[in-house]
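Working from the sequences, and respecting the hints, build out all of it.
2 protein chains.
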Amino acid sequence: MENFFYFDLLATYQNARAGIFHTPHGDFETPIFAPVGTQASVKAMTPQQVEQTGAQLILANTYHLYLRPGDQLIAELGGLHQFMNWQHPILTDSGGFQIFSLASTRKITEDGVVFQSHIDGSSHFLTPEKSIEIQENLGADIIMAFDECAEPYDREYNKNAISRTHRWLQRCIDHKKRSDQALFGIVQGGIHLDLRIKSASLVAEKNLPGNAIGGLSVGETKDEMHKVLEEVHKILPIDKPRYLMGVGTPIDIINGVLRGVDMFDCVLPTRLARHKTAMTLYKNLNLSNAKYARDENPINNMCTCYTCQHYSKAYIRHLIQAKEMLAATLLSIHNIHMLIQFTKDIRTSIINGDFGEFARNFFSNLNQETHNF
Amino acid sequence: MENFFYFDLLATYQNARAGIFHTPHGDFETPIFAPVGTQASVKAMTPQQVEQTGAQLILANTYHLYLRPGDQLIAELGGLHQFMNWQHPILTDSGGFQIFSLASTRKITEDGVVFQSHIDGSSHFLTPEKSIEIQENLGADIIMAFDECAEPYDREYNKNAISRTHRWLQRCIDHKKRSDQALFGIVQGGIHLDLRIKSASLVAEKNLPGNAIGGLSVGETKDEMHKVLEEVHKILPIDKPRYLMGVGTPIDIINGVLRGVDMFDCVLPTRLARHKTAMTLYKNLNLSNAKYARDENPINNMCTCYTCQHYSKAYIRHLIQAKEMLAATLLSIHNIHMLIQFTKDIRTSIINGDFGEFARNFFSNLNQETHNF
Chain A
0 MENFFYFDLL ATYQNARAGI FHTPHGDFET PIFAPVGTQA SVKAMTPQQV
50 EQTGAQLILA NTYHLYLRPG DQLIAELGGL HQFMNWQHPI LTDSGGFQIF
100 SLASTRKITE DGVVFQSHID GSSHFLTPEK SIEIQENLGA DIIMAFDECA
150 EPYDREYNKN AISRTHRWLQ RCIDHKKRSD QALFGIVQGG IHLDLRIKSA
200 SLVAEKNLPG NAIGGLSVGE TKDEMHKVLE EVHKILPIDK PRYLMGVGTP
250 IDIINGVLRG VDMFDCVLPT RLARHKTAMT LYKNLNLSNA KYARDENPIN
300 NMCTCYTCQH YSKAYIRHLI QAKEMLAATL LSIHNIHMLI QFTKDIRTSI
350 INGDFGEFAR NFFSNLNQET HNF
Chain B
0 MENFFYFDLL ATYQNARAGI FHTPHGDFET PIFAPVGTQA SVKAMTPQQV
50 EQTGAQLILA NTYHLYLRPG DQLIAELGGL HQFMNWQHPI LTDSGGFQIF
100 SLASTRKITE DGVVFQSHID GSSHFLTPEK SIEIQENLGA DIIMAFDECA
150 EPYDREYNKN AISRTHRWLQ RCIDHKKRSD QALFGIVQGG IHLDLRIKSA
200 SLVAEKNLPG NAIGGLSVGE TKDEMHKVLE EVHKILPIDK PRYLMGVGTP
250 IDIINGVLRG VDMFDCVLPT RLARHKTAMT LYKNLNLSNA KYARDENPIN
300 NMCTCYTCQH YSKAYIRHLI QAKEMLAATL LSIHNIHMLI QFTKDIRTSI
350 INGDFGEFAR NFFSNLNQET HNF
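For the protein sequence lines, the chains are A and B, in the order given. In terms of numbering that gives the first Met the number 0, the first sequence is numbered consecutively and its last residue is 372. In terms of numbering that gives the first Met the number 0, the second sequence is numbered consecutively and its last residue is 372.
No wet-lab data here; the hints were simulated from the structure.
Which copy is meant is left open, because identical chains are indistinguishable; a pair holds if it fits in one copy or across any two.
Cut-off 20 Å, straight-line C-alpha distance, at most; resulting in silico cross-link-like pairs (EDC-like, lysine to aspartate or glutamate):
{"id": "1", "residue 1": "Lys290", "residue 2": "Glu75"}
{"id": "2", "residue 1": "Lys226", "residue 2": "Glu150"}
{"id": "3", "residue 1": "Lys205", "residue 2": "Asp238"}
{"id": "4", "residue 1": "Lys158", "residue 2": "Asp110"}
{"id": "5", "residue 1": "Lys175", "residue 2": "Glu109"}
This is the structure:
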């Protein structure tokens, strides 16, 4: 495993870090934003288009692919990289989060979780061992430990949940067979700093090639999220990448980087795209708005994405009004490119030693935009 | 106009022809299949993807674009090429066919047609002059005369319709102002050979840069279609391209070429793609079928399209089952590429003098496939 996966920390600026993570399908540069291909497809985009946004890592969801088309089918067809034609690094989650957010009638025991499929209501039993087997069938470069994502405020529940999550982590480590996949552990504990500290310590002890912070951006305040990140930062090993799961607005990304996070993923850019919305650094634009009907400018004059290089807001609005699928494609390309370019700019400023100024500018522009809005 | 538009007839094989048509946005080679971008978008594809299929000409629909977003808006934004980012030749139809197939409560007079929008029920009046004005606003390289597409069997109705269509053609010619657009006339007359002959003679007299055959593939038999093409072929000028409107199955394309047709268009490849169907030369495959669930082969092993180069039938079936938009994109790429490659192969065989053998092989394989089916 050590041959395949290692993290080069190239530069730091206070708690912010710039690095390179090495995987069997190539390197990726951190901080990184990873687009999500839930069902082995980044929605409305070909892998070629995903590549052109500058993406170096994508996510796929174990829960969805286990249910459909099935992880064994994907293994038979050569694994996820081959199946979906993405030759760069892939990360799969454990299925845990989706069971807690999508499936119905779930029942948690020490052994695992019984749940019913959101597709056809069929009953399934997922355990740490089963999650690892599924993820080994899928064949992503980075796989995640099976965890329990609890409601963030219930202290007693979170206390039990982190204990179970850490027993499950050990079972994942024990069951894992493939050496060409990096297993990341997940820090849980809701908004409770003492629980987060305990969870981070337990995860850090395992000395895994990377570590994740789960259960954030699920209803807590920004301030609560930041405090958790600050505490966890002090504990997780400095020489391993830290992945903040499911987070991906510009403001959350920069706040994460300021608190030592290296990796981000989120369905937001593609989901907003399907809901007619273009992301910019400081605000989102609903392009179905009539005021864009004759707007000959691109979403962002400075943006170098395929969409902004070739299309006016008026054209994209027309596609939205005419219910053309191309609207979702062009907006997905822009939104993903925007977030990736933002993380690349952050990375460059960390390496150049001016991330402090970069961040101050960002927050100053953000406040101004919020005032002008 | 003569500077912009001319047709080089490079080779013939019996009635079949291979040529090049020159337009202000570049040349296209005939026989040609043109994908349809009804609402200024070839559905589910970027222009880059359309280009990669080998497309040299696309269609857009005047009726749809007049209603939404409006031809004046497109003119303000630099015309259709700029608006939709397609820098190669474009052809717009006249709006006539869509009024007769999509709009409701239409009323035809000598002056024009009153109809109600299929979008919002609003009332509109389209005349030959208005159709030309709209098409001049859109700015396609090839524009079509405003015609009446009648039910093919009613002889009396067709007799009146072709007279009116030819008076309308003269009004289109008289009203046309832009010299960088080629106006094509349209032969009508249903299945009635004497009416088709009369219509073709009247259209031919106008000496336009190209001529179209309308009102076919609308319910008549193949035999009736072929007889019409054979009669019209004898009359339309040999040195101008002939465009068979709305036709685009492999069998109709080769039968058209055998009867002197140079240009084809059809929504079929993109419509079938959105209905889970892959086209091959001899049959269509419904990829939602369970028998493809584990099929690791591409749609066609010999096909050089992006889809067949990178994806298994199993993956495309998964996308269909998972309701991923990428299914429509990958199938549209394949279906359009297939038809374009077919017309290119026909063209090569005409130039090489072996189109007779090419056609015999095609029909022999077709019969065999039909037997094996």
